[in-house]
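Protein chains in written order, with the numbering used here: chain Y, 1 to 100; chain L, 1 to 417.
No lab work stands behind these hints, which were simulated from the structure alone. We treat Cβ as the ideally placed atom computed from N, Cα and C, and that holds for glycine. A hint or two may mislead.
[As the list claims (entries may be wrong)] The calculated lysine-lysine pairs, modelled on DSS-like cross-linking and capped at a C-alpha distance of 27 Å, are:
#	chain 1	residue 1	chain 2	residue 2
1	L	Lys353	Y	Lys64
2	L	Lys353	Y	Lys48
3	L	Lys296	L	Lys232
4	L	Lys128	L	Lys74
5	L	Lys296	L	Lys353
6	L	Lys128	Y	Lys48
7	L	Lys337	L	Lys353
8	L	Lys337	L	Lys232
9	Y	Lys64	Y	Lys48
10	L	Lys256	L	Lys353
11	L	Lys232	Y	Lys64
[As the list claims (entries may be wrong)] Partner residues are not named here, just some residues of chain Y that face chain L (Cβ under 8 Å, in silico):
#	residue
12	Arg61
13	His77
14	Val80
15	Glu87
[Stated by the list, open to error] Per label pair, the in silico range of CB-to-CB distance:
#	chain 1	residue 1	chain 2	residue 2	range
16	L	Asn142	Y	Gln98	48 to 54 Å
17	L	Trp409	Y	Gln98	43 to 49 Å
18	Y	Met60	L	Phe391	20 to 26 Å
19	L	Glu402	Y	Met60	48 to 54 Å
20	L	Ser269	Y	Ser65	22 to 28 Å
21	L	Ile114	Y	Ser65	36 to 42 Å
22	Y	Gln98	L	Asn312	23 to 29 Å
23	Y	Lys64	L	Ala368	39 to 45 Å
24	L	Glu107	Y	Ser65	37 to 43 Å
25	L	Val358	Y	Ser65	28 to 34 Å
26	L	Trp409	Y	Ser65	27 to 33 Å
27	L	Gly238	Y	Met60	49 to 55 Å
28	L	Glu136	Y	Ser65	20 to 26 Å
29	L	Met216	Y	Gln98	25 to 31 Å
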Amino acid sequence: MKTNTLTLVPVAVITVLLGLGLMAAQAPAIAEEASAQNDPMKFANGAKTWADNCARCHNMRDPKSLRDDQWRAAVAHMRVRAGLTGEEAENVLVFLQQSN
Amino acid sequence: MNTITRRRTIVWCLPALAFLATPSLAQMHPERIAELEEQVSALTEQLGELSAELDEAKDSEGLDGLRKDVEANKVAIQATQSATTFTDATSVAHLSGYASADYVSVEDGPSAFIANFNPMFHFLYDNKILWEAELEVEVEENGDTSIGLEYTTVDWFLNDKLTLIAGKFLSPIGNFRQNIHPSWINKLPSAPPGFGHDGAAPISEMGVQLRGVAPMGSSKLTYAFYMGNGPKIEGEDGEIHAIEAEGFASDPDDEKVFGGRVAFLPIPSLEIGVSGATGDVSVVEDDGMDIEGDPKRGYDVIGLDASYRWRNLDLRGEYVSQEIDENPLSIAPEGGKWETWYAQAAYQFADGKWEGVVRYTDFDSPHADDTQEQLALGVNYLITPSAMLKFGYESNTGEPGEVTDADRWLIQIAYGY
Numbered sequence: 001m002k003t004n005t006l007t008l009v010p011v012a013v014i015t016v017l018l019g020l021g022l023m024a025a026q027a028p029a030i031a032e033e034a035s036a037q038n039d040p041m042k043f044a045n046g047a048k049t050w051a052d053n054c055a056r057c058h059n060m061r062d063p064k065s066l067r068d069d070q071w072r073a074a075v076a077h078m079r080v081r082a083g084l085t086g087e088e089a090e091n092v093l094v095f096l097q098q099s100n
Numbered sequence: 001m002n003t004i005t006r007r008r009t010i011v012w013c014l015p016a017l018a019f020l021a022t023p024s025l026a027q028m029h030p031e032r033i034a035e036l037e038e039q040v041s042a043l044t045e046q047l048g049e050l051s052a053e054l055d056e057a058k059d060s061e062g063l064d065g066l067r068k069d070v071e072a073n074k075v076a077i078q079a080t081q082s083a084t085t086f087t088d089a090t091s092v093a094h095l096s097g098y099a100s101a102d103y104v105s106v107e108d109g110p111s112a113f114i115a116n117f118n119p120m121f122h123f124l125y126d127n128k129i130l131w132e133a134e135l136e137v138e139v140e141e142n143g144d145t146s147i148g149l150e151y152t153t154v155d156w157f158l159n160d161k162l163t164l165i166a167g168k169f170l171s172p173i174g175n176f177r178q179n180i181h182p183s184w185i186n187k188l189p190s191a192p193p194g195f196g197h198d199g200a201a202p203i204s205e206m207g208v209q210l211r212g213v214a215p216m217g218s219s220k221l222t223y224a225f226y227m228g229n230g231p232k233i234e235g236e237d238g239e240i241h242a243i244e245a246e247g248f249a250s251d252p253d254d255e256k257v258f259g260g261r262v263a264f265l266p267i268p269s270l271e272i273g274v275s276g277a278t279g280d281v282s283v284v285e286d287d288g289m290d291i292e293g294d295p296k297r298g299y300d301v302i303g304l305d306a307s308y309r310w311r312n313l314d315l316r317g318e319y320v321s322q323e324i325d326e327n328p329l330s331i332a333p334e335g336g337k338w339e340t341w342y343a344q345a346a347y348q349f350a351d352g353k354w355e356g357v358v359r360y361t362d363f364d365s366p367h368a369d370d371t372q373e374q375l376a377l378g379v380n381y382l383i384t385p386s387a388m389l390k391f392g393y394e395s396n397t398g399e400p401g402e403v404t405d406a407d408r409w410l411i412q413i414a415y416g417y
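Make a model of the complete structure from these sequences and hints.
Structure (structure tokens):
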């Protein structure tokens with residue numbers, strides 16, 4: 001019984017967090033991304049986020065090393081690994097896509 | 001008036017003249033008829049000349065050039081459409097990964113070349129779901145090629161700050177295994193002792209994980225909580241030989257392991273992480289034979305990690321321990337603790353083209369022949385930001401006569417693509 005109770009606590013915590021997450025706004029879609037490309041603040045914020053976060057683990061990669069579409073997948077991967085918010089990841093993507 | 005227009009005019013004029021002339025032809029003056037015949041003859045001759053000119057123009061370089069321009073435009077339009085498709089498509093695929101080729105020379109022992117290859121796959125749908133996976137392809141000592149699934153997960157971006165991950169994922173305990181271990185990132189040719197397979201740090205886990213981030217002004221908190229099948233215990237000669245924490249697709253003890261990591265970043269260049277896990281495990285293999293029904297026992301993990309970057313100086317360190325409780329009813333009744341820590345400093349110079357690295361590691365295991373202290377020195381040449389040529393030397397202290405006691409020279413070329 002003790003084991004079952006202990007098991008339920010983290011499951012409940014995860015469920016609550018999951019529910020809270022689903023109630024919050026969803027990630028921006030591609031259409032919103034297109035308008036983001038023209039926002040100069042996103043470019044500037046993206047450059048700062050890129051400089052602040054990437055070098056924490058590895059050398060800074062050249063924005064020209066990947067195409068626009070490849071950066072989309074790579075930045076999504078790094079959003080998970082580096083603990084970036086969706087907005088931060090979007091800004092970094094704008095910076096990389098305009099710099100490659 | 002261009003050639004084609006002129007020809008069209010003449011073509012339309014001829015029947016018109018014929019039509020106008022025909023009804024009154026008999027009543028017309030012979031001189032008028034002769035005049036008309038002369039005009040028709042002149043126009044016919046002109047039409048012939050124009051036709052000849054047009055035929056000649058068809059074979060000329062000008063028209064060929066025009067044709068080439070049109071074809072080139074078509075290709076350009078197709079290319080633009082393809083590029084747009086790549087950029088705006090709802091889903092994108094990306095192949096990346098890393099590879100390395102090594103030369104390892106053990107002092108007073110053998111030397112060998114080795115190589116491995118870790119392709120990674122990313123499939124993203126509309127910034128909502130990312131499926132990612134990594135294979136580990138290695139050439140073994142006997143020449144066989146082994147292929148392992150390092151991780152495979154579906155990452156569902158629930159909102160701006162929260163991601164649900166399901167599948168086999170890299171262990172969130174500490175930082176080395178989940179972020180630093182790829183050869184193009186790791187600044188030395190080898191992993192710190194205890195951070196490899198069957199060491200003190202868990203490698204991966206099979207289950208579900210919630211990862212999130214909580215921005216706090218210029219600071220940030222990141223977290224990862226998970227539930228998984230947990231590791232297995234390998235027994236040998238009546239004692240625990242190793243903890244295999246590599247994300248198995250079964251859970252013999254039927255008790256899940258729960259764990260996570262919380263990291264605080266007061267400034268972007270400083271990260272301090274605390275991690276842990278708890279659950280039950282059981283012995284599933286003894287002296288190389290699979291066994292069933294061994295009683296479960298407690299399993300606990302603790303991890304601490306920190307990293308700091310100041311200009312070209314990179315500092316990092318990490319502590320991880322895994323502990324197994326004793327169980328008198330088990331085929332391997334004694335418990336044990338595996339713990340390791342390392343501290344590393346690296347500095348880039350000459351415009352970031354060269355890098356010097358020093359790392360100290362202390363790995364303790366219940367088995368004296370696994371215990372190892374290591375001082376590793378390295379010099380790296382950065383071919384590109386993601387490709388390094390590494391020269392390393394390890395001064396190792398372990399059980400005398402064991403491989404853990406032998407110093408090593410290592411050369412590695414690593415490339416992240």
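Here is how each hint holds up against the structure:
no. : hint                            : result
1   : L/Lys353 to Y/Lys64             : 19 Å, holds
2   : L/Lys353 to Y/Lys48             : 23 Å, holds
3   : L/Lys296 to L/Lys232            : 10 Å, holds
4   : L/Lys128 to L/Lys74             : 35 Å, violated
5   : L/Lys296 to L/Lys353            : 52 Å, violated
6   : L/Lys128 to Y/Lys48             : 24 Å, holds
7   : L/Lys337 to L/Lys353            : 41 Å, violated
8   : L/Lys337 to L/Lys232            : 15 Å, holds
9   : Y/Lys64 to Y/Lys48              : 17 Å, holds
10  : L/Lys256 to L/Lys353            : 47 Å, violated
11  : L/Lys232 to Y/Lys64             : 44 Å, violated
12  : Arg61                           : 5 Å, holds
13  : His77                           : 5 Å, holds
14  : Val80                           : 5 Å, holds
15  : Glu87                           : 6 Å, holds
16  : L/Asn142 to Y/Gln98: 48 to 54 Å : 50 Å, holds
17  : L/Trp409 to Y/Gln98: 43 to 49 Å : 45 Å, holds
18  : Y/Met60 to L/Phe391: 20 to 26 Å : 23 Å, holds
19  : L/Glu402 to Y/Met60: 48 to 54 Å : 40 Å, violated
20  : L/Ser269 to Y/Ser65: 22 to 28 Å : 23 Å, holds
21  : L/Ile114 to Y/Ser65: 36 to 42 Å : 27 Å, violated
22  : Y/Gln98 to L/Asn312: 23 to 29 Å : 27 Å, holds
23  : Y/Lys64 to L/Ala368: 39 to 45 Å : 52 Å, violated
24  : L/Glu107 to Y/Ser65: 37 to 43 Å : 38 Å, holds
25  : L/Val358 to Y/Ser65: 28 to 34 Å : 29 Å, holds
26  : L/Trp409 to Y/Ser65: 27 to 33 Å : 31 Å, holds
27  : L/Gly238 to Y/Met60: 49 to 55 Å : 52 Å, holds
28  : L/Glu136 to Y/Ser65: 20 to 26 Å : 23 Å, holds
29  : L/Met216 to Y/Gln98: 25 to 31 Å : 29 Å, holds
In summary, the numbered hints that this structure violates are 4, 5, 7, 10, 11, 19, 21, 23.
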